[in-house]
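Trainee: All chains should be modelled from the sequences, with the hints used to inform the complete structure.
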Amino acid sequence: MTSGASTAGRLRALVWPAATVLLACAGAAVVLAADPTSDAGFPLPPCPVKLLTGLDCPGCGTTRMVYSLLHGDVPAALHYNAAALLFLPFFLWTWGAWVLGRWRGQPVRTWEQWRWAPHVGLALIAVWSVIRNLPFPPFSALYV
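Under the numbering used here, residues 97 to 240 are what the sequence shown spells out, in order.
Treat the hints with caution; some may be incorrect.
[Said to hold, decoys possible] Label-pair restraints from in silico Cβ distances:
| id | residue 1 | residue 2 | range |
| --- | --- | --- | --- |
| 1 | Ala109 | Thr149 | 29 to 37 Å |
| 2 | Val126 | Gly192 | 22 to 30 Å |
| 3 | Pro214 | Ala104 | 35 to 43 Å |
| 4 | Pro139 | Pro214 | 34 to 42 Å |
| 5 | Leu107 | Ser134 | 38 to 46 Å |
| 6 | His215 | Leu184 | 17 to 25 Å |
| 7 | Leu110 | Trp207 | 19 to 27 Å |
| 8 | His215 | Leu166 | 27 to 35 Å |
| 9 | Val240 | Ser102 | 43 to 51 Å |
| 10 | Leu107 | Leu151 | 22 to 30 Å |
| 11 | Leu119 | Trp210 | 40 to 48 Å |
| 12 | Leu151 | Leu118 | 33 to 41 Å |
| 13 | Cys121 | Phe232 | 38 to 46 Å |
[As the list claims (entries may be wrong)] When the alpha-carbon atoms are kept at most 20 Å apart in a straight line, the in silico SDA-like pairs for lysine to any residue are as follows:
| id | residue 1 | residue 2 |
| --- | --- | --- |
| 14 | Lys146 | Thr133 |
| 15 | Lys146 | Arg211 |
| 16 | Lys146 | Ile221 |
| 17 | Lys146 | Trp212 |
Since the hints were derived computationally from the structure, they do not count as laboratory data.
Positions of the beta carbon are idealized from the N, C-alpha and C atoms, including for glycine.
Mentor: Below you can see the structure in the form of structure tokens.
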């Protein structure tokens, strides 16, 4: 394989990662336009779990968290969904490893392949689901 073919193959391998960046930018633009923290923007669909049960699911507040991050308001982002905010570095690690693996032509291992990762992840989601719905302080401050 020539150098030009190798470079062309690598660039083709980055089409999907580039598409995810474009999709993320489009999503960020929608969140910015919608302003989920107030009634000023256009409405976004409600969380079906909260709509049906009245309880915050593990993902409730993530859109408002993203909106707050896009405005540089980290304390508000923590309030809306601390667990999702703390997960962001792991998500970015996984995405970066995926891009690097596509560039190199071989997978790059991440935290997802650690033997205990699924168990810890599920336990953290379960704990977060419970504590953010407890109706007494300091946990009631986590309710969005």
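Trainee: Which earlier hints turn out false for this structure, listed by number in ascending order?
Mentor: The structure breaks hints 1, 10, 11, 15, 17; every other hint is satisfied.
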